[in-house]
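K.L.:
Heads up: the protein sequence lines correspond to chains V and A, in order.
The opening residue of the first sequence carries number 1 in our numbering; numbering runs sequentially from there.
The opening residue of the second sequence carries number 1001 in our numbering; numbering runs sequentially from there.
In case anyone wonders, no lab produced these hints; they're calculated from the structure.
Bear in mind the structure is a predicted one, so any value in this text is a computation, not a measurement.
Some clues are possibly wrong.
[Claimed, not checked] Calculated lysine to any residue pairs in the SDA-like style (CA-CA distance at most 20 angstroms, straight line):
no. : chain 1 : residue 1 : chain 2 : residue 2
1   : V       : Lys311    : A       : Gly1236
2   : A       : Lys1102   : V       : Thr273
3   : A       : Lys1024   : V       : Ser320
4   : A       : Lys1057   : V       : Ala302
5   : A       : Lys1057   : V       : Val300
6   : A       : Lys1031   : A       : Thr1171
[What the hints assert, rightly or not] One side only, chain A facing chain V, incomplete, derived with CB under 7 angstroms:
no. : residue
7   : Pro1045
8   : Gln1046
9   : Ala1049
10  : Arg1055
11  : Asn1081
12  : Thr1092
13  : Pro1093
14  : Tyr1098
15  : Phe1103
16  : Leu1235
Beta carbons are placed, not taken as given, at the ideal position from N, Cα and C, and that holds for glycine.
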Amino acid sequence: MESTSPFYSLVPEVKYSPPWQDLSIIGIAGSSGSGKTSVAMEIVKSLNLPWVVILVMDSFYKTLTPEEHAKAHANEYDFDCPESIDFDLLVDTLKDLKQGKKAHIPVYSFADHQRQTQTTTLYSPRVLILEGILALHDPRILNLLDVKIFVEADMDVCLGRRVLRDVRERGRDIEGIIKQWFAFVKPSFTRFVEPQRQISDIIIPRGIENTTAIDMVVKHIQRKLQDKSEKHTKALRKLGLLAAKVELPANVHIMPTTPQFVGMNTVLQDPATEHVDFVFYFDRLASILIEKALDMTTYVQATVETTNGNKYMGLSPKGSVSAVAILRGGSCLETALKRTIPDCITGRLLIQTDESSAEPELHYLKLPPQLEEHSMVMLLDPQMASGGAALMAVRVLVDHGVSEERIVFVTCAAGETGIKRLVAVFPNINVIVGRIEADGEPRWMEKRYFGC
Amino acid sequence: MASNEPVPSPAQGVGPIGQPDGEKPTATVSKEVSYENVHVLAQTPQLIALLTMIRDKRTARADFIFYSNRIIRLLVEEGLNHLPVVEQSVTTPVGRAYLGVKFEGKICGVSIMRAGEAMEQGLRDCCRSVRIGKILIQRDEETCMPKLFYEKLPADIADRWVLLLDPMFATGGSATLAVEVLKQKGVPEHRILFLNLIASPSGVAEFAERFPKLRVVTAFIDQGLDDKKYIIPGLGDFGDRYYTL
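Produce the entire structure from the sequences given, and follow the hints as far as they go.
P.N.:
What follows is the structure in structure tokens.
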């Protein structure tokens, strides 16, 4: 890239792979009625982590032809063999998620035996649980799995559960269920489901009742996550060390210390300041930052005529400008944003920093459509400490096709190491910083602004 | 059109800070003046775009109000930077010491009716409970000179810093009279800041020499004046654009 300034060439291979690019996938297979879903739910509950997703393989059923559709209604279609599942699509989806990209999950309608036109968008979670009778069937999927679980139950129990569930929840008749069981479910179990037992890491007999086994699985996942988290912290630290040697580059704009700006910062940092005053001065200071950020967008020449017929050769902004608030703190800056662009297109993402590991976690993401076409996307965060959340947020935008040059990170206060980390990884983004604060300063501004 | 053809304004590349000079779009920027007491806002692409918007006759009134308010806030922020501050250290919420400053001195706004009143909102956006005095100056039909018709100012104005508001600074006739009124009320010249959006080079020059201690803060110094004493290119009548057109 052109704008990579010379001193960055001294920094060898500055790369940052965010924690969610290292997604853990757990596969849970087992016979129909063995209790896979309950086990998956129990694991989610015990992990007690945000951003854990259960992906049910049923979503990947192939759309049926009219003949197959008729068979399905007569309980004569085999939903239990590998051919009924679109493994190619599933593999692609898992690969995308593993790489930190978003994926579109098909929505399957059991009523129509068809894939719906709409899909559910899934952004790479922290942990993904893939659950289905054939979750461990395809070798390509096995390569992507971190843990392979096989849930086992007595076949009588399985049948009993299936009858109860299908009658109660799916409004089916017992005869149909039994017909399907002996024609497809049981033969398929012997042919495809049971062999998965051999290649699983953990076999959970008696499903949900087996708390010891579930506990072991949870501990195992936690250990894996811990390892990844340590790796991430190390990588962040290394980035900091590398970055510490360089000066702040020209694309980091620190606001000049004018008397008013310093005065406002003084008011904001004084714990004796009343809440109403804090909000007022925060909005005023943030407005200046937003105005500054707007200098970074694209302008084109525009000649206009005044009401008294004179011509003026000026500028006009080109393309849309949008903003993405990094929640919760980023929404503090929205009042100022709306003061400047009342109808600014705004996206939001919720990143929470895990207190213990200092690792940012993406909890929620809602970005405006065609974000990649906007001439500028402002990322709003009132405070940046380690830069972890900022790195993650920029990464999310880049993953969504927004080019680095168009991203402007706007923050009221940031630590120098954090900024250096951010621009070491993304040398082409612009950063607007209100005030340089000590490294590792805990986030407090949003607490003051919202009063909680 | 004009009797004495005004000198063209400088044009230069104005673009995002990181953009190489050759790639920046060209726009007409403010003239430069060499008076120490005249402060022109930095000619950023953003400011030029805002000015372009309010100069454009096609801009609807709601947009005109919105964009001029944004420029006015920038003017007020710059104006306030000329007010005195004293050092103040605070212990921040995370227990660190921060050496900052505290605002010193009381302020008030004085708007020259009617266009100056359009700047009050922008002032209030930056200074919530600011007191605002008003001065009405009209051209005397007999003498053709500006005449004071009305004034209502805070009683303690002599103790305050005054932000004098009038968006279009053409000949400076009204502003000169307004400053005389303020001085009569006991406001020292150095405590007056005259904020305006667009100024004429001659207006600025005469004013700067007449009141050397008073500070002028403007967003743009335009080309000159036409024979009706309107600023060229200017934006037409600010009051009309803001209140009626």
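K.L.:
All hints are to be evaluated individually against the structure, with a verdict given for each.
P.N.:
Hints, one by one, checked against the model:
| no. | hint | result |
| --- | --- | --- |
| 1 | Lys311(V) x Gly1236(A) | holds, 11 angstroms |
| 2 | Lys1102(A) x Thr273(V) | holds, 12 angstroms |
| 3 | Lys1024(A) x Ser320(V) | holds, 19 angstroms |
| 4 | Lys1057(A) x Ala302(V) | holds, 13 angstroms |
| 5 | Lys1057(A) x Val300(V) | holds, 19 angstroms |
| 6 | Lys1031(A) x Thr1171(A) | holds, 16 angstroms |
| 7 | Pro1045 | holds, 5 angstroms |
| 8 | Gln1046 | holds, 5 angstroms |
| 9 | Ala1049 | holds, 5 angstroms |
| 10 | Arg1055 | holds, 5 angstroms |
| 11 | Asn1081 | holds, 5 angstroms |
| 12 | Thr1092 | holds, 4 angstroms |
| 13 | Pro1093 | holds, 5 angstroms |
| 14 | Tyr1098 | holds, 5 angstroms |
| 15 | Phe1103 | holds, 5 angstroms |
| 16 | Leu1235 | holds, 5 angstroms |
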